[in-house]
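If you're matching them up, the sequences are chains A and B in order.
Sequential numbering from 1 applies to the first sequence in the working numbering.
Sequential numbering from 1 applies to the second sequence in the working numbering.
These aren't lab readings, by the way, just hints derived from the structure by calculation.
One thing to keep in mind: the hints can contain errors.
[Said to hold, decoys possible] Straight-line alpha carbon distances no greater than 27 Å define the calculated BS3-like cross-link-like pairs of lysine-lysine that follow: (1) LYS39/A with LYS62/A; (2) LYS66/B with LYS24/A; (3) LYS39/A with LYS118/B.
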Amino acid sequence: MKKTYPIEVDCANCAAKMEDAAKKTPGVQDCVVNFMTLKMTVTFEEGKKPADVMPLVLERCKAVEDDCEIHF
Amino acid sequence: MNKRQKKTLTRIILSAAIMILLSGFQYFFRDLLDIDPSGWLKFFAYLVPYILVGYDILLKAWKGIKHRQPFDENFLMAVASIGAIVLGRVRTGDYAEGAAVMLFYQIGELFQSVAIGKSRRNISALMDIRPDSANLETEAGQVETVDPDEVETGSILVVRTGEKVPIDGIVVEGTSSLDTSALTGESVPRTVREGDEVLSGCINQQGLLRIRTTREFGDSTASKILDLVENASSRKSRPEAFITKFARIYTPAVCFAALALALLPPLFLLLTGQSADWGDWIMRALTFLVISCPCALVISIPLTFFAGIGGASSSGILVKGSNYFEGLAKIGTVVFDKTGTMTEGVFEVSGVHHAPAGEQYVLRMAALAESYSTHPIAQSLRRACGAEISRDSVTDVREISGQGVIATVEGHQVAAGNEKLMDAFSIQSEPCSSVGTVVHVAVDGVYQGHILIADQVKPAAAATVEALHQLGIGKTVMLTGDHQKAAQAVAAEIGMDEVYAELLPEDKLRKVEELMQAQTGRTLAFVGDGINDAPVLSRADLGIAMGALGSDAAIEAADVVLMDDNPLKVAKAIRIARKCLRIAYQNIVFAIAVKLICLVLGALGIASMWLAIFADVGVMVLAVLNAVRALRVKNL
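So here's chain B without its partners, still in its complex pose:
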């Protein structure tokens, strides 16, 4: 509790004590009341706890009127409680009701402010990745502690055991294991050594690291993630937008309804010649006002989404706005990219077939032809080749998208790629009987055999597809640029419903659009690793980028970012979203239903002001407690 909350608590306790004393006094010493026949003494006695607990509300209501923005909850409470006290003066002689309204309202407000403060702290603790300082090594070799904001790119920083890496960089000295759990939600530490990239927000668990920063603080991973999470709640979901609009119309509407309730029935009674009974109807109108306070809704819905976003981030799932929770909850089709998403994306040469000139020759030719490429296949060819490759002998490299590469190597024209490339040069190629990516190699138009490169399916891939089916997601689709046979083998292994193979990047985009048109009412999510599928990520109803730590393009294009590369997190994200929305709708329906019932009861004169204030505070407490539930997502 902060200072202001403690002060409010003291006021509440004091005021409640005075009220209990007063009513006890009244009960036991009824005779003494004879000395106060006018009732003014009692009136002033009750005014003490009332003013004590509610003076700030009265002031705020007055200021609201002065600034011509009267219709807020302070106004409602001020009018209701003052009205009850005035009525007490002229009619019943009972002031407890008016004072109690203010007292309970303040209890509710205090509870709400403490609950929000607590969940705010919980969430910031989950996202505690912002480094407070950086240890900058100066040119003289001394270490100075500075604000991370002031560190220039290329500086050398020292990260000691237990400290957070403040800024993204590359290790120049030392080995350590890094705790990445704050970023990825994964508890397995990562080992880094010289030359490895380290991301800000990771905690150095052992040893001393010297790193050279590669970015400024503001562009570093930790800052970006925090930015993303903090801005997420400014993109409003539909329930939130609904509540904002609802509150704007609702409060004035109820005020006028209350006014009508106070005036119309008595006037009608007067005109029909009966007793108007003004006091009773005004009391009902005031009860109406107390019930009408929309706080439960106004606070619990944004709190739900905020808690949901916080809970998801703690599991390594960044949702870029509360609106995306709706998209996640309504997913009907999940489209996966194959490489790097369902498979490890690490290619290894597993064989060289039909090679009359020898395996090593074929490998060397292919590796040389692809020596300028950074594609994973090219990298695995280089690894398999073993020996250092000199690019000097390679000229006229031409990459043909979706087919392969042609280049002049040591004076010979080498073509390395898939069947289509061979067909384009009218070279007869031998099909491979094993599953994997096949690179056919031809030198000077003569077929020299093919290299089989296989990718490993991720251990969690099959479980992911099964989990999605269990969540009622009707269709799982895999897209890949790979060979049909390789794609189908992987799809069968992990239980994917549909697979489309041999797609160029632009084909993937078209396929996703087709699939999006094929379904109505539900959303399509595309899961990719952000490498060359950024357009598809942003085109899909919901783009989910995977293993996106450090990849700016993916974080930019996606709506949901999975910090590590475990596809099971897709299912978890859906479950978190569904839970969050369920809670939001529960709160909306529950709060509005209770309010409406109480409004009707109040108008009929059945609900007293006591019931009204209990309904108001009670609904709010329950709604806030329910909202905080969205934070608990560990076991989803």
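The following block holds chain A by itself, in its conformation from the complex:
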């Protein structure tokens, strides 16, 4: 399952950091962050609920980039 979320982040480098952090989150199969459109596309692992995974993704992103935001 694939879902796209609007995000807020300040710089291209920070967006890349968020992408890395989200990719390493359990339940996430793949993630692409598009800084230009401010969108995060997350591919979830089979059987995982986005509602369960996304808070964890946000937490991990916050750890690498303090003032980022994901709207889910």
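Take the given structure of chain A and dock chain B to it, following the hints.
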């Protein structure tokens, strides 16, 4: 400007004002400084504007260290400015430099964030085709406004004047002219009436339309196009990939170089018995750090491609990834499909020759034999025949690819097709002296004459070939399944360099492969309409689908999608790509050159920290302004 940007701006203005006051105070009341012989008062005074403007950077740098990801620009700036202030404390008593580094860095960051926000908005305005709501007509006949996502296929929607068509569908009531410019870049409105297909993203200019949706919102044209454009920048071009890698190696490398610059020369001086001059070398190392910030590159290259993709979409050219800009810019050969690409693809019967049994008879037999075919030729035969055709009398239809059709019509065996088909049945056929597609007709093995069907060359076809030649594209080739003579006449008319005729779909694929092998270093683009040439579109270095609105197969197979069917857009796409790449390379070379020069000057002690920060912010501002230029493609 958003809230955060406004806050940063206030901080910058306040901090700059305090710094100006402080230096003015220092200048006019030099005597007063006598009351502060230790210099601590001045130190704390300058700390106020410094902390005010830079506290978030310091915090971020600290968090970076805590999360073991220290080497980013916040870290560079924090180390450089803190270092400058500490040095000021122990050596010069001048704190303005350290505070100014932070101030100018923040000005640069603010500018960058505003510039990106602005181009982001510009581009989304260009691509403003996403409908916000749909007016759903319920079974009771009432109209409800709903989220387009919730509309099921087959629902009836009402589209009022000035509204966007939210979902692809078919008009069931009403006539209107639709503004398709957001989709195609063309300003001429399209008239639709009952039974016509309408695409989402078009704007209803007059009248009320009731449409029955044929797709879900997510599969509709507008959603697909937006998807395509938004995902385009995730396919990275080579310059982008280079910059990402460059930044990853560059920042740590410069940090270590700075460390070496701070330690090695003084140690060397010490060992050789001279004065080490630690302060001077540390200052040079800090200057080094300020210059090293890679922001100009990291931001301007993706921004260039993003702007390029946005600009191209606004002209009705969808580029599916920034990597395809490189392919477009390096095209050496353009291969065109003939029908529907260089010609209108609308066939009309222009004559019936050598028909002993009468024109109408030949036309009727051919139309009946082809009555199960959806090929444009079959359609034009049916149109020319005029009368309603009943398929009941047609049996045993067999289509022979690249030759024609044989069928039993009213008990007679009818063969309708080209010369090869006639040869296959050993029927002597009369060649046609006019140019066009010729359908020979034989009934029960007896030749009954032929029908001439001509296609119109597009008005822009010749201009396209000329424009391509002007762009330095060495070879234009036309492929067609048509008769040699017809193909050559069209090729001569529009100035095509080479033409290969009488090709079956699989021959086209082979021909394109041959042509691809024949050239080195440049790319081959295939331009087709996506109808039965999807394999060739995906096989070519660069597949350009034309007039692909609503054709999923073409959008899927192609790398570049032209929303309308004007071949001139091929030349325009190439010009946009070249401009975009030119800007990207300008930015890379310019930014790296300035940085390298400043690094050398900084290491030699010629460039001060002031120069360093101006170089850093200045390069970034110029690179971002240059990048935004890629958005302007209207007059290309």
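Verification of the supplied hints:
1. Simply put, LYS39/A and LYS62/A have alpha-carbon atoms about 16 Å apart, close enough for the 27 Å limit, and the pair holds.
2. Under the criterion of a C-alpha separation no larger than 27 Å, the hint pairing LYS66/B with LYS24/A is consistent with the structure, at around 19 Å.
3. Of the pairs offered as hints, the one joining LYS39/A and LYS118/B holds, with about 17 Å between alpha carbons and a cut-off of 27 Å not exceeded.
When held up to the earlier numbered hints, the structure conflicts with none and fits them all.
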